[in-house]
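Novice: Sequence:
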Amino acid sequence: MGLFSWLFGNKKAKAAVDVEPVEYNGYLIYPEPKQEGGQFRISGRICKKSEETMQTHHFIRSDVLPSQADAETFMVKKAQMFIDQTGDKMFK
Numbered sequence: 001m002g003l004f005s006w007l008f009g010n011k012k013a014k015a016a017v018d019v020e021p022v023e024y025n026g027y028l029i030y031p032e033p034k035q036e037g038g039q040f041r042i043s044g045r046i047c048k049k050s051e052e053t054m055q056t057h058h059f060i061r062s063d064v065l066p067s068q069a070d071a072e073t074f075m076v077k078k079a080q081m082f083i084d085q086t087g088d089k090m091f092k
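Residue 62 in the UniProt record's numbering is what sits at position 62 of the sequence shown, and the numbering runs on without skipping anything.
I should point out that these hints are in silico values taken from the structure, not numbers from a laboratory. Treat each hint with caution, since some may be false.
Quick list of in silico lysine-lysine cross-link-like pairs, BS3-like style, CA-CA up to 25 Å [unchecked claim]:
1) Lys78 to Lys89
2) Lys77 to Lys89
3) Lys48 to Lys92
4) Lys78 to Lys92
Label-pair ranges, simulated between beta-carbon atoms [stated by the list, open to error]:
5) Lys49 to Asp84: 15 to 21 Å
6) Gln85 to Glu23: 14 to 20 Å
7) Lys92 to Asp18: 27 to 33 Å
8) Gly87 to Gly37: 33 to 39 Å
9) Val64 to Asp18: 21 to 27 Å
10) Gly26 to Pro66: 20 to 26 Å
Don't be surprised by glycine CBs; every beta carbon is placed ideally from N, CA and C.
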């Protein structure tokens, strides 16, 4: 049923919240933790503008934390490590 709700619109879906990105080595990190069962899963986006396009990599971890603020902080730290390890290869 979740697929049909996504395709045809779910009236219970929350409005997208504007997230202030964190800049790191030319990349923009958008922490967007997802609430799951009273906890928050570490997730978000890593973006980089190249020439005329904005490249985006969706970043989701298996880690869950009790507070949204902690999940945002850890997402930024993990994304920075990921950027250092993979660089632009993440967009291929």
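Novice: Decide, hint by hint, whether the structure agrees.
Specialist: Against the structure, the hints come out as follows:
1. As the CA atoms of Lys78 and Lys89 are separated by approximately 16 Å, the hinted pair is consistent with the 25 Å bound.
2. For the proposed pair Lys77 and Lys89, the alpha carbon gap of about 19 Å is at most 25 Å, so the pair holds.
3. For the proposed pair Lys48 and Lys92, the alpha carbon gap of about 13 Å is at most 25 Å, so the pair holds.
4. Taking the CA atoms of Lys78 and Lys92, the gap is near 19 Å; set against the 25 Å cutoff, the hint holds.
5. At about 19 Å, the CB distance of Lys49 to Asp84 agrees with the hint of 15 to 21 Å.
6. Distance hint check for Gln85 and Glu23: the Cβ-Cβ separation is about 18 Å, which falls inside the suggested range of 14 to 20 Å.
7. Separation of Lys92 from Asp18 is about 29 Å and conforms to the stated range, judged on CB atoms against 27 to 33 Å.
8. Hint check: Gly87 to Gly37, Cβ distance near 34 Å, so the stated range 33 to 39 Å holds.
9. In this structure the hint that Val64 and Asp18 lie 21 to 27 Å apart at CB holds, the actual value being about 23 Å.
10. The supplied range of 20 to 26 Å is broken by Gly26 and Pro66, whose beta-carbon atoms lie about 33 Å from each other.
Checked against the numbered hints given earlier, the structure breaks only hint 10 and satisfies all the rest.
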